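Modelling step: build the complete structure from the supplied sequences, incorporating the hints.
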Amino acid sequence: MSPAPDGRPIFLEIADRIADDILVGLYAEETQVPSTTELSVHYRINPATAGKALNRLVDDGIVYKRRGLGMFVVTGAPEALRARRRAAFTDEYVRPFLAEGARLGLTLEEILDLIRKDQR
Amino acid sequence: MENAEILQRMCFVREDQRYNDAFSVRDILAVAPAFYPTWSSEVADRLTERFRLPMRTRSKKLSRGQRSALAITIALASRAAYTFLDEPYLGLDASSRAIFYEELVGEYAVHPRTVILSTHLIDEAAALMEEVLILDEGRIVLQTGVEEASRGSFIVRGREAEVRTLVADRDILTERRLGGLLSVTVRGELREDDHELAEELRLSLESASLQDFVAALGIHSLDRATDRPETLEKAS
Chain A
7 MSPAPDGRPI FLEIADRIAD DILVGLYAEE TQVPSTTELS VHYRINPATA
57 GKALNRLVDD GIVYKRRGLG MFVVTGAPEA LRARRRAAFT DEYVRPFLAE
107 GARLGLTLEE ILDLIRKDQR
Chain B
36 MENAEILQRM CFVREDQRYN DAFSVRDILA VAPAFYPTWS SEVADRLTER
86 FRLPMRTRSK KLSRGQRSAL AITIALASRA AYTFLDEPYL GLDASSRAIF
136 YEELVGEYAV HPRTVILSTH LIDEAAALME EVLILDEGRI VLQTGVEEAS
186 RGSFIVRGRE AEVRTLVADR DILTERRLGG LLSVTVRGEL REDDHELAEE
236 LRLSLESASL QDFVAALGIH SLDRATDRPE TLEKAS
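From first to last, the protein sequence lines stand for chains A and B.
Its first residue numbered 7, the first sequence is counted upward by one per residue in our numbering.
Its first residue numbered 36, the second sequence is counted upward by one per residue in our numbering.
If you're looking for bench data, these hints aren't it; they were derived computationally from the structure.
This list has only true hints and no planted wrong ones.
Cβ-Cβ distance ranges computed for the label pairs, FRET-style:
1) A/R88 to B/T92: 54 to 62 Å
2) A/A89 to B/R226: 31 to 39 Å
3) A/H48 to B/A57: 34 to 42 Å
All values reported here derive from a predicted model rather than from experimental measurement.
All residues carry an ideal CB built from backbone N, CA and C; glycine is no exception.
Written as structure tokens, this is what we have:
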């Protein structure tokens with residue numbers, strides 16, 4: 007795995023992937039997430055980078071460490087992730103989307119029409 | 036003779052590493068543990084199987100890729116405290132290199148040790164590293180953590196005047212033109228207000244990969260060499 011084109015560090019990319027998997031329930035609450043070694047072998051990255059990804063999730067309250075066993079998903083983590091992602095939705099998706107619409111000369115009504123059409 | 040105790044703790048694999056031509060792969064792997072007290076036959080067995088090394092073939096008859104695979108097998112199975120891998124993958128195809136990377140980080144995670152790997156396949160290998168050292172004609176031009184190194188340069192593209200406005204007095208490594216547009220690789224990190232300014236000046240900004248950075252440094256130093264013919268004359 008190599009760094010994202012926007013220069014985002016690999017450990018953040020991997021923390022996000024694990025968070026995505028927790029959000030959709032691939033790792034259920036109180037089940038184990040992959041270890042540092044498993045992550046480093048799978049993504050072919052330095053174990054220190056894999057460790058940083060897991061620590062990031064610990065700091066965010068998404069996973070916790072069970073001594074001698076590994077990392078487990080915190081109860082309520084999917085809800086917490088959903089709330090955080092909703093809060094970031096405007097900044098990360100809506101604003102760039104409207105900015106691109108403005109560059110293309112689309113009115114708000116035209117944009118809303120496009121969304122409705124796509125929904126059908 | 037060198038200090039035998041220290042040699043036991045070191046394993047060195049160079050580009051196109053050769054072993055005794057008359058020995059088979061099996062013979063070489065049978066002798067190797069004598070040199071390394073920390074030898075793991077489990078690792079050796081797993082790697083010979085994953086690399087599909089022909090055990091009965093004499094080392095003379097091995098292909099380049101097989102010789103590289105054998106050297107990598109010995110390096111990882113040695114579990115030497117200091118392992119030096121100097122461009123160890125001559126002739127190895129993409130899937131064998133992937134096996135090498137997986138085994139390297141997996142071994143390193145379970146049995147931490149110092150591994151020094153020199154490589155030209157920078158983007159492939161960058162994520163394996165913690166620290167990066169870039170050499171230019173034997174001089175260290177950069178020594179830093181791999182993530183900081185990836186932030187060592189960025190690329191600005193747009194109309195020349197606007198590009199120059201954004202770059203200002205920063206250090207330009209390379210300049211390339213495409214039609215009326217100029218694309219420059221700049222040394223250093225992006226500043227907070229660069230994105231806003233780029234938007235205003237209609238420039239595209241992207242972070243350069245470590246490989247882009249190294250390539251730009253190399254071109255920069257080659258161009259400098261040709262800019263100064265008098266130094267070349269003196270050298271010849």
